[in-house]
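If you want the building blocks of each chain, they are given just below.
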Amino acid sequence: MYGIHGKYLEIDLSSERSREVKLPLRIFRMFIGGRGLATYILWKELGSKWEKVDPLGPENLLIVMTGPMTGYYPGIKLTISGKSPQSNGVVGSAISSEVAVELKAAGYDGIVIRGTAKDPVYIYIEDDKVEIRSAEKLWGRRGLEFLKALKDELRSEPRWGLEPPPPALYIGPAGENKVRTAAVMSKLAHAAGYGGYGAVMGSKKLKAIVVKGNGPLPRAAKPDKLEELKNNVMEKILKQKGFRQWGTTQGIWSVGYVTSSEPIKNWQEEWHDKLEVSHIVFEESYWIKNPWADWGCPLACMKVSRAVIGDKEYFTDGPDYEMGAYLGPNLGIFNAKEIVALSALADELGLCGIQTGNVMAFAIELFERGILTIDDVGYELRWGDFNCAKKLIEDIAYRRGIGDLLAEGTYRAALKIKELKGVDVLKYAVQVKGIAVGAHGIRSKKDYPQPIAYAASVQGGDHTSVAGLPKNSRESEAWRVFFDSAVVCSFTGFAADEKTMVEYLNAVTGWTITLEELYNEIGPRILSLQRILLLLGGPDVYWDPRVHDDNPPRFYEPLPTGPHKGSTIQREEVVKKLREYYAELGWDEYGIPREDTLKKLGLTDAIPLVNKIKSRLGLT
Amino acid sequence: MSERIWILRDYSACSGCRLCEIACSLKHEGVIWPAASRIKIFEIIPGLPIPYFCVQCPDYPCVSACPTKALKVDDKTGAVLVDEGLCILCGKCIEACPGKVPRIVKNKAAVIICDLCGGDPECVKVCSKAGYNALKVIKHPNNDIVKHYLIDPEKISKYILAKYRKGV
Numbered sequence: 015m016y017g018i019h020g021k022y023l024e025i026d027l028s029s030e031r032s033r034e035v036k037l038p039l040r041i042f043r044m045f046i047g048g049r050g051l052a053t054y055i056l057w058k059e060l061g062s063k064w065e066k067v068d069p070l071g072p073e074n075l076l077i078v079m080t081g082p083m084t085g086y087y088p089g090i091k092l093t094i095s096g097k098s099p100q101s102n103g104v105v106g107s108a109i110s111s112e113v114a115v116e117l118k119a120a121g122y123d124g125i126v127i128r129g130t131a132k133d134p135v136y137i138y139i140e141d142d143k144v145e146i147r148s149a150e151k152l153w154g155r156r157g158l159e160f161l162k163a164l165k166d167e168l169r170s171e172p173r174w175g176l177e178p179p180p181p182a183l184y185i186g187p188a189g190e191n192k193v194r195t196a197a198v199m200s201k202l203a204h205a206a207g208y209g210g211y212g213a214v215m216g217s218k219k220l221k222a223i224v225v226k227g228n229g230p231l232p233r234a235a236k237p238d239k240l241e242e243l244k245n246n247v248m249e250k251i252l253k254q255k256g257f258r259q260w261g262t263t264q265g266i267w268s269v270g271y272v273t274s275s276e277p278i279k280n281w282q283e284e285w286h287d288k289l290e291v292s293h294i295v296f297e298e299s300y301w302i303k304n305p306w307a308d309w310g311c312p313l314a315c316m317k318v319s320r321a322v323i324g325d326k327e328y329f330t331d332g333p334d335y336e337m338g339a340y341l342g343p344n345l346g347i348f349n350a351k352e353i354v355a356l357s358a359l360a361d362e363l364g365l366c367g368i369q370t371g372n373v374m375a376f377a378i379e380l381f382e383r384g385i386l387t388i389d390d391v392g393y394e395l396r397w398g399d400f401n402c403a404k405k406l407i408e409d410i411a412y413r414r415g416i417g418d419l420l421a422e423g424t425y426r427a428a429l430k431i432k433e434l435k436g437v438d439v440l441k442y443a444v445q446v447k448g449i450a451v452g453a454h455g456i457r458s459k460k461d462y463p464q465p466i467a468y469a470a471s472v473q474g475g476d477h478t479s480v481a482g483l484p485k486n487s488r489e490s491e492a493w494r495v496f497f498d499s500a501v502v503c504s505f506t507g508f509a510a511d512e513k514t515m516v517e518y519l520n521a522v523t524g525w526t527i528t529l530e531e532l533y534n535e536i537g538p539r540i541l542s543l544q545r546i547l548l549l550l551g552g553p554d555v556y557w558d559p560r561v562h563d564d565n566p567p568r569f570y571e572p573l574p575t576g577p578h579k580g581s582t583i584q585r586e587e588v589v590k591k592l593r594e595y596y597a598e599l600g601w602d603e604y605g606i607p608r609e610d611t612l613k614k615l616g617l618t619d620a621i622p623l624v625n626k627i628k629s630r631l632g633l634t
Numbered sequence: 020m021s022e023r024i025w026i027l028r029d030y031s032a033c034s035g036c037r038l039c040e041i042a043c044s045l046k047h048e049g050v051i052w053p054a055a056s057r058i059k060i061f062e063i064i065p066g067l068p069i070p071y072f073c074v075q076c077p078d079y080p081c082v083s084a085c086p087t088k089a090l091k092v093d094d095k096t097g098a099v100l101v102d103e104g105l106c107i108l109c110g111k112c113i114e115a116c117p118g119k120v121p122r123i124v125k126n127k128a129a130v131i132i133c134d135l136c137g138g139d140p141e142c143v144k145v146c147s148k149a150g151y152n153a154l155k156v157i158k159h160p161n162n163d164i165v166k167h168y169l170i171d172p173e174k175i176s177k178y179i180l181a182k183y184r185k186g187v
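So the protein sequences, as listed, match chains X and R. Per the numbering used here: the first sequence = residues 15 to 634. Per the numbering used here: the second sequence = residues 20 to 187.
To be clear, the hints were calculated from the coordinates, so they are not data collected in a lab. Fair warning: this is a prediction, and the values are worked out from it, not measured in the lab. All C-beta atoms, glycine included, are put in the ideal place defined by N, C-alpha and C. The reader is advised that the hints may include incorrect statements.
Claimed, not checked - Cross-link-like lysine-lysine pairs, in silico, DSSO-like; alpha carbons within 27 Å at most:
{"hint": "1", "chain 1": "R", "residue 1": "K111", "chain 2": "R", "residue 2": "K144"}
{"hint": "2", "chain 1": "X", "residue 1": "K165", "chain 2": "X", "residue 2": "K326"}
{"hint": "3", "chain 1": "R", "residue 1": "K144", "chain 2": "X", "residue 2": "K244"}
{"hint": "4", "chain 1": "R", "residue 1": "K155", "chain 2": "X", "residue 2": "K250"}
Stated by the list, open to error - Partner residues are not named here, just some residues of chain X that face chain R (Cβ under 7 Å, in silico):
{"hint": "5", "residue": "G175"}
{"hint": "6", "residue": "P178"}
{"hint": "7", "residue": "L202"}
{"hint": "8", "residue": "Y271"}
{"hint": "9", "residue": "P305"}
All chains, full assembly: derive it from the sequences and hints.
Have a look at this one:
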């Protein structure tokens, strides 16, 4: 076995037991790792009762999974998964964390956590030693304050020679309070945001997972070939001088000005020309450190920002584009310092900046329209108002007042407000299947050009897992699945073309996967399973492809400003493309995987689940 | 001893990418083995990583402390070399080191200490290739100033943070 260990660690927080679980190599070959393997485990463990499993109940699994490429391809990622409290399906939520390397060095490909602890705990793993420890001194703590407390907590470990403290995955107050937009965090500003797995960790009373691995990574099958491939990839990465200098922070200006696809005031606009949010302002006024990189990464897209407002000091990344856009222009805020501060707040509260920025802007728009009032909120919600944003984001993290409702995420909040106010506010909810759309609009067609990018994705609004045609291309979600399953960073991943990427995987694992197999079998296999679990849904909300395989209503409004003014998405085109896309994947006209497809993909056992979906939708 | 080299560390330039750790373990162990890397990155304050490894003290307290003569100084480079056959993993060198730099790693038969790769350190090469240049080969200053690079990494990161807070 090369590149992987063929086993994961299973920890039951209810019984406080752990064990190693071996999986046949055949399963790795079929699902690769990361998101693919997590989907397989969720299907096997929870598939038969999926609709009844409460994502925030003890039955749900929290899965931390590496992939064969972890540690070998430049940059480091992990996928966090489980039944998502946002989509009620499976989301493979990628995060950069040294935990990925430590896990592999400890002898595991991943961790599967079940059950719920009685009192707050954290898990400490060092090789074959697994301890469930009290998190009494850690619970309630946020950001840097938490990291400091954790370091003090671990200091008692006797060591031979001075060693760096081991890395951790953790949650902030938002996760503890089961906020559905809560992220799983690492370091300072690293987050697995999509999916809401911070809330899953919180529901298990699990504050952190600390991993120390003392062994080597598993051997690669063809080290010489790997070295050659790695050098080629590194060379290409090093040529990205602009990206290295500015990271994705540059997008806060350019995605608006150049491609007209940035969320502004809850996506009422997507174009702006505000130089106040140019990367130069961030770089010259707020970056205290450039470069900042993750394990094994020569790209260093991160930067360390610092801003002081009032008596509070804020630290965060660039911020990266998604955080900057969602907690800046999308809230009507075009002030770099305030954007740094709000991003830092989201980090320390343990919130996904995308999901949370989306629901905040949704609330502000409803307030502007008079649907939410001062009686509902307790204070005025206004575009471009830092103090209001600061108060709102804290209220969400601690589920205070209106924050309790908004903590359910945009979709569920919209359902509740509709019920309370009798107004159809879903038309202002910019989300797909419970997941807020990433900060890349599709109306201008200059950024994400596929009209079904989000409508057909098995991860809803996730901009890192968009769908598109043709199926056998980088436009396809089958390709995105590869990134999250082999586990490769999207930003360093550009440096290998599809053929090289598959060669790379084979050099690590010794497998003989072809690009055709990837596009025609592995990708569709993982996507089909994710699609089935998504359509099983429940227990609180369910999806109907005829209604929910669609863009947010706002994306059918013409862009009101900028060079692409008037540009919009045609519904007929979406319907046509959806059908084509389903057909290419071997799904029926509703996007339900066909029996013959499932048999071909080795998923015959999933056929009864498909029949359940059809019967719920009245399609039998 | 005329060729003695030293690796200068520029904390502000270090990205924390650990390419040095990867290169070091590949060179010495033939596999990617972060725990067995002779150079370690301490990122106690996120974003402010500190490269931390042997500074080749002019008085070599580790060498004097070794009861089995497992440690000796490389005539060519000034690096501390470990004789794996003689090391009994007693930890005396770690106790003697002002920075507790030598490490005993699970499944390693001897203590690990930077050997300067015989004069052409892999960590420096990869750091330069990646364009960070946080590590540079210079002539050994040959005085105790090098021991300043053994100040507790947590303290160093606080000094760096203080510098950034002042806007220097």
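Each hint, compared with the structure:
As the CA atoms of R:K111 and R:K144 are separated by approximately 32 Å, the hinted pair breaks the 27 Å bound. The suggested pairing of X:K165 with X:K326 holds, with an alpha-carbon distance near 23 Å, which does not exceed 27 Å. This hinted pair checks out: R:K144 and X:K244 have alpha carbons roughly 16 Å apart, not beyond 27 Å. Taking the CA atoms of R:K155 and X:K250, the gap is near 24 Å; set against the 27 Å cutoff, the hint holds.
Annotation: interface hint on X:G175 holds; nearest CB of chain R at approximately 3 Å, less than 7 Å. For X:P178, the interface hint holds, the least distance from its beta-carbon to any beta-carbon of chain R being 4 Å, beneath 7 Å. Interface restraint check for X:L202: the shortest CB-CB distance to chain R comes to about 4 Å, inside 7 Å, so the restraint holds. With a least beta-carbon distance of about 28 Å to chain R, the hint placing X:Y271 at the interface is violated under the 7 Å criterion.
Hint status for X:P305: holds, given a least beta-carbon distance of 4 Å to chain R, under 7 Å.
Going through the hint list in order, the structure does not satisfy hints 1 and 8.
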